[in-house]
Amino acid sequence: KAGVTQTPRYLIKTRGQQVTLSCSPISGHRSVSWYQQTPGQGLQFLFEYFSETQRNKGNFPGRFSGRQFSNSRSEMNVSTLELGDSALYLCASSPSGTGNTEAFFGQGTRLTVV
Amino acid sequence: AQRVTQPEKLLSVFKGAPVELKCNYSYSGSPELFWYVQYSRQRLQLLLRHISRESIKGFTADLNKGETSFHLKKPFAQEEDSAMYYCALSGGGSGGYQKVTFGTGTKLQVIP
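Here the protein sequences line up with chains A and B, keeping their order. In terms of the working numbering, the first sequence opens at residue 17 and continues consecutively. In terms of the working numbering, the second sequence opens at residue 16 and continues consecutively.
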């Protein structure tokens, strides 16, 4: 069974630009969550999608948005990039998204904003 | 609001010494708690969950509701235990769906 796949692995963008990151969950998993990982803040929850609907949202500005498609693949978009958005963005999938199930993480997309 | 606190950013221990990675949580209901681990150049992965009451790679964690803690312990550290460890809590998010909150992580460094 293929694991969670995130593309691209690395990205360099300029301040003010926008970026789209992609996540393909494990086959059969309907829940996809996104996290921002930085050395100082650890893992911060961005949002969670289940069956194309956003179920939970973290405390990030509206510049951060996402969506999920009918095949459970998910995209995350960040508009008007700021230097502070530089981070590793992780995607995790789980079968149903209920809290006591294991989340499977992708390798992440390393975003650098210059 | 749910919160997970890992007070130590870095924990250095000698090989063979006991390890305790601290995790405290804040949550009004009955939480589900987990420990995730990230080895160098590998994906973040589940180590153990409190509901399973299992020991994985010699690690155990007991949920203490009175102290709102879920510390991760191992009696004898091994070099291969060196990694980043995250404590996580699953609790009520919006709309009744559960949301997972992670701590900031503790880097465990086992000195040979």
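Please note: incorrect hints may appear among the correct ones.
[What the hints assert, rightly or not] Only some residues are given here: those of chain A computed to face chain B with a beta carbon under 8 Å:
hint	residue
1	Y26
2	S49
3	F121
Note that these hints are calculated values from the structure, not bench results. Ideal Cβ positions, reconstructed from N, Cα and C, are used throughout, including at glycine.
Hint check:
1. With 8 Å as the threshold, the beta carbon of Y26 (chain A) stays out of range of chain B, its nearest partner Cβ sitting at about 14 Å, so the hint is violated.
2. Proximity of S49 (chain A) to chain B holds as hinted, the smallest CB-CB distance being about 7 Å (cut-off 8 Å).
3. Annotation: interface hint on F121 (chain A) holds; nearest CB of chain B at approximately 4 Å, less than 8 Å.
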